[in-house]
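S.K.: Respectively, the protein sequence lines represent chains A and B. Quick note on this note's numbering: the first sequence kicks off at 7 and runs consecutively. Quick note on this note's numbering: the second sequence kicks off at 16 and runs consecutively.
Accuracy of the hints is not assured; some may be wrong.
Derived DMTMM-like pairs: lysine to aspartate or glutamate, alpha-carbon spacing no greater than 20 Å straight-line [said to hold, decoys possible]: (1) A:Lys203 to A:Glu87; (2) B:Lys156 to A:Glu98; (3) B:Lys226 to B:Glu243; (4) B:Lys70 to B:Asp56; (5) B:Lys131 to A:Glu98; (6) B:Lys131 to A:Glu87; (7) B:Lys156 to A:Asp86; (8) B:Lys156 to A:Glu42; (9) A:Lys266 to B:Glu196; (10) A:Lys94 to B:Asp106; (11) B:Lys145 to A:Glu74; (12) A:Lys113 to B:Asp142; (13) B:Lys156 to A:Glu87; (14) B:Lys156 to A:Glu116; (15) B:Lys145 to A:Glu42; (16) B:Lys145 to A:Asp80; (17) B:Lys70 to A:Asp80.
Worth flagging that the hints you see were computed from the coordinates, not collected in a lab.
So you can see what is in the structure, the chains are spelled out below.
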Amino acid sequence: MWLWYDWQAAAVADDDGIIHDQAVWDGFFDQRALIERLHCIANGGLTQEAMLLHDRFPDAKPLIHGDEQLPEADWPLPSDEALQAADKAATEMARQGVALAAGDPDKRLEHLLRASDEMRATFLTMEARLVEWVGLFLPEVRFGKDRSSLPKQVGEADSLATLASKLSVSMPEKGPSKSEWKTLREWGESTATFRGKLDRLENAIRELSESHLPSLSIMLGPLLAARLCVEAHGRMRLARLPAGTVQVLGAEKAFFNHLKTGAAPPKHGHIFMHPWISRSPRWVRGKIARTIAAKASIAAKVDAFEGEPWSQSMVDEIDAKIESIKAANPKPKRRQR
Amino acid sequence: MLSWAVRLEGRALWSENADVGVAVYGESLRNFGGTEYRRWDPSRSKLGAGIMRTKRDKSLLLPEEGSTVLYLGAGHGTSISHLHDHLCGADNDLGGRLVAVDLAPRCLRDLTHLAKTRPGLVPVLGDARKHSAWGVLLPRKVNWLFQDVAQSGQVEIFIKACQRFLNVGGIGLLSLKAASERWTGEGEDVLFGKVEEQLVENGFAVEESIKLTGYEDNHVLFVTRRVE
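Please model the complete structure; the sequences and the hints are all you need to start from.
M.R.: Right, dumping it as structure tokens:
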């Protein structure tokens, strides 16, 4: 015995395709109920009619319409009217699914991160140009490490003389023309606004990353956590990656070059950005990268399956472990001949 | 004329616009004898490219108007819109049904938009491999099925989908992207040959394999007929 069902009907037939009983649902004018049924079927559930017939014929095997095992029979297929209602419902479901995608933090994080990368690149070129440009007119100016205040200073100065006195250098013999100075000042202004926009963008990433990837964020910092998640194409996919892949995520070029030519494999990808690796001596970086990748992989799994987020004590534990790796390898290994 | 709605003028392919005045993807619109047509850009649509390149009867690639068809890997709706012109016509006068399945919400965004003005187009957000999730929308098997999913295992997906949804004697079109298959052997021609063998073994007659080079590199469109 077989129990056939689709979204609007169910029927019981024997091996010869003779129908013994059937139940048809005619409430398809209610789109919400119809959508509910289509969702139920998509998740592998039984409809009310199917359950009713299943109670009456417990030994009939329930199978969805179209299953290969079902015999040929005159199943109660939907009428044209019902089919049109189903088409409308399917379209509405597609629309709902698309709307749902806007709530997907993976997709939001990707846009935020890519936007911040693009904005950072723009900001750095603008800032570099500004430094060179001001340096041309005021050759005495020396910018130390801190040139971050320059855009604001240029933007606020009303003439080159004001700027020169602010930077406490003398005026050059030949200055810019009026219109030239105006563009230079505006360039400074825009550079300063870009700085502010970049900061706000990164704050938005931090905020989202800390809620979407709490454990990974507390371990590696929210920005690096976000980058790993985006690079892995989503949180669930990151959680399913082996630690070795997490380790070289972002070093694809070197990694595939290694596979292709047999060159040395990369020791670290994006995780290099973390001071645990970048501030450690060269010869322990590979070892530390392995440890961090393994821990990051666990953290990603905790986040993806929404477990208890890690606390600072967990991070301190990892930190102690990394210190012990450093302590065990105080000197580079001697090259073997 | 290839069908009531699709015509070949010189080297360009046109389809009668079912949504007059609207260009779907920036294609040009033109009047032929008082009726508006949209230009079918073969470098944006693999179905269009196949129609341009086929050496056999061009209308073989199009489904019967007013029928129900299944399109897996719908994308942004470039091919879909022209197919809809042919299958349904304005306000779905012909009563066609075009079930378009795609996995990416980004693609469905464009498709749901298209479906608003084109009745008969049914966009489905779902996996082309998970038949049980959306198969109930097709109570009967279809006579025309198109698949364009750029992922590995395309051929297996196509064979399974045809066994489930395509009538014996129906036409199944498979757009195969060589780069999506894991193949480290002798080259694309060998790969395409293997695919053809695989199709024949699974009960398909390969009517034609159309290389789309020039429109879409490294792609072949297989025109198959299900024989068993």
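S.K.: So which hints don't hold here, by number, going up?
M.R.: 1, 2, 3, 8, 14, 16 and 17
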